[in-house]
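Q: These are the residues of each chain, in order.
There are 2 protein chains.
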Amino acid sequence: MREKILRASIPLFDKKGYSETSIQDIVEVLGVTKGTFYYYYKSKQELLKDINVTYIQNLLDEQKKILNDDTKTYREKVYNNMLMVIRTIRNERQSARVFFREMRHLEEHNLKLIIQKRYEFRMNTQHMIEKAIENGEFRDRIRPDILTFGILGMTNWSYYWYNPDGEVSEKELVDLYMELILNGVKN
Amino acid sequence: MREKILRASIPLFDKKGYSETSIQDIVEVLGVTKGTFYYYYKSKQELLKDINVTYIQNLLDEQKKILNDDTKTYREKVYNNMLMVIRTIRNERQSARVFFREMRHLEEHNLKLIIQKRYEFRMNTQHMIEKAIENGEFRDRIRPDILTFGILGMTNWSYYWYNPDGEVSEKELVDLYMELILNGVKN
Chain A
11 MREKILRASI PLFDKKGYSE TSIQDIVEVL GVTKGTFYYY YKSKQELLKD INVTYIQNLL
71 DEQKKILNDD TKTYREKVYN NMLMVIRTIR NERQSARVFF REMRHLEEHN LKLIIQKRYE
131 FRMNTQHMIE KAIENGEFRD RIRPDILTFG ILGMTNWSYY WYNPDGEVSE KELVDLYMEL
191 ILNGVKN
Chain E
11 MREKILRASI PLFDKKGYSE TSIQDIVEVL GVTKGTFYYY YKSKQELLKD INVTYIQNLL
71 DEQKKILNDD TKTYREKVYN NMLMVIRTIR NERQSARVFF REMRHLEEHN LKLIIQKRYE
131 FRMNTQHMIE KAIENGEFRD RIRPDILTFG ILGMTNWSYY WYNPDGEVSE KELVDLYMEL
191 ILNGVKN
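Line by line, the protein sequences are chains A and E.
Quick note, the numbering used here runs 10 ahead of the 1-based positions in the first sequence.
Quick note, the numbering used here runs 10 ahead of the 1-based positions in the second sequence.
Check each hint, because a few of them may be wrong.
Which copy is meant is left open, because identical chains are indistinguishable; a pair holds if it fits in one copy or across any two.
[Stated by the list, open to error] In silico SDA-like pairs for lysine to any residue, Cα to Cα no more than 20 Å straight-line:
hint	residue 1	residue 2
1	K122	W171
2	K122	Y170
3	K14	Y48
4	K59	I125
5	K25	H115
6	K196	L93
7	K25	K59
8	K54	M113
9	K196	T83
10	K196	D155
11	K82	R149
12	K25	D79
13	K127	Y172
14	K59	L77
15	K181	R153
16	K82	L192
17	K26	R107
18	K127	W167
19	K26	F110
In case anyone wonders, no lab produced these hints; they're calculated from the structure.
Assemble the whole structure, with the sequences as input and the hints as a guide.
A: In structure tokens form, the structure reads like this:
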């Protein structure tokens with residue numbers, strides 16, 4: 011039921027916003043009582059924290075698998091990391107939007123936890139890039155921190171526009187981005 | 011006074027969100043009466059629309075100057091377009107966040123207007139890229155639509171992390187991004 015409450019609240023927070031969604035709205039969708047809600051969650055705040063932690067922890071877990079895959083080069087890991095983020099759009103688009111938009115409603119201690127996990131995700135991405143430079147896969151004149159922000163910008167922004175059921179598949183999109191990152195566009 | 015109301019409401023909408031900010035909150039910051047507010051704005055909705063139109067129209071106006079500057083190549087126009095977006099962070103960061111986060115609270119007809127203007131901005135960016143390909147400045151095997159999304163992702167995402175008063179200046183950041191876009195990172 012905790013999972014059900016979480017899943018039911020995400021589309022509501024996405025559409026109406028955290029502030030405008032009441033616990034009443036959530037229990038109505040599920041056809042349960044407020045008592046049931048409070049059995050699983052102390053407050054709406056705890057629910058928002060849970061949505062955000064679930065979203066970022068899932069990304070971190072998937073990233074860890076990519077990072078630890080010794081059969082791949084670091085350049086391939088950078089590719090797989092991008093593909094993994096873009097693939098989550100299909101299932102996690104609403105969570106992602108709640109994550110980025112509603113983060114400011116988190117209380118101090120919850121916000122700290124999320125910021126720490128975001129930082130970890132960014133640093134793992136940067137680590138892949140640094141290793142690719144160290145191994146001579148990427149040029150050594152690039153700045154790993156700025157390249158990391160550039161790559162995260164391209165992938166995270168796709169939540170706002172990309173339709174995984176449209177003309178361009180997830181793999182095609184990442185192939186195009188990776189080609190841009192590797193070879194650039196200069197004639 | 012209309013401009014003052016607009017400027018006072020942006021930090022409130024950014025911090026508390028559109029739904030949780032009352033007209034009372036806004037007039038308190040300014041030390042005026044609700045009557046004054048309603049003399050200039052019919053509703054909070056009209057104010058949100060005004061913030062969003064002002065933000066995107068400013069970008070469109072600046073973009074038009076870049077597009078019409080015949081002394082520049084299209085590659086230079088792509089560069090100037092990126093620099094212009096990144097430079098607005100200094101003054102318009104809060105407006106940008108309100109723009110992206112609170113858009114879903116716009117009523118249908120207001121939302122349509124904003125979506126139309128966003129589309130225009132994206133198409134103008136894509137036009138610069140198509141012209142750069144046509145003139146042989148960019149390779150002809152790239153997809154202009156995907157490159158446009160990639161560039162807008164990198165620049166728009168910087169609203170979430172970039173500090174214009176930090177270690178990397180606005181021009182340095184765009185130089186690094188442009189170098190990445192032109193030459194890629196492959197060793």
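Q: Each hint needs a verdict: does it hold in this structure or not?
A: These are the hints, each one checked on the structure:
1. K122 to W171: between (29 Å within a copy, 16 Å between copies)
2. K122 to Y170: between (25 Å within a copy, 16 Å between copies)
3. K14 to Y48: within (13 Å within a copy, 43 Å between copies)
4. K59 to I125: within (12 Å within a copy, 31 Å between copies)
5. K25 to H115: both (16 Å within a copy, 9 Å between copies)
6. K196 to L93: between (24 Å within a copy, 19 Å between copies)
7. K25 to K59: both (18 Å within a copy, 18 Å between copies)
8. K54 to M113: within (13 Å within a copy, 23 Å between copies)
9. K196 to T83: between (26 Å within a copy, 13 Å between copies)
10. K196 to D155: between (23 Å within a copy, 16 Å between copies)
11. K82 to R149: within (19 Å within a copy, 29 Å between copies)
12. K25 to D79: Intra 38 Å, inter 41 Å, cutoff 20 Å: neither.
13. K127 to Y172: Between copies only: 18 Å across chains, 25 Å inside a chain, cut-off 20 Å.
14. K59 to L77: neither (26 Å within a copy, 44 Å between copies)
15. K181 to R153: between (26 Å within a copy, 15 Å between copies)
16. K82 to L192: within (17 Å within a copy, 27 Å between copies)
17. K26 to R107: both (12 Å within a copy, 17 Å between copies)
18. K127 to W167: both (19 Å within a copy, 18 Å between copies)
19. K26 to F110: Both ways: K26 and F110 sit 15 Å apart in one copy and 14 Å across, limit 20 Å.
This entry does not satisfy hints 12, 14, going by the numbered hints stated previously.
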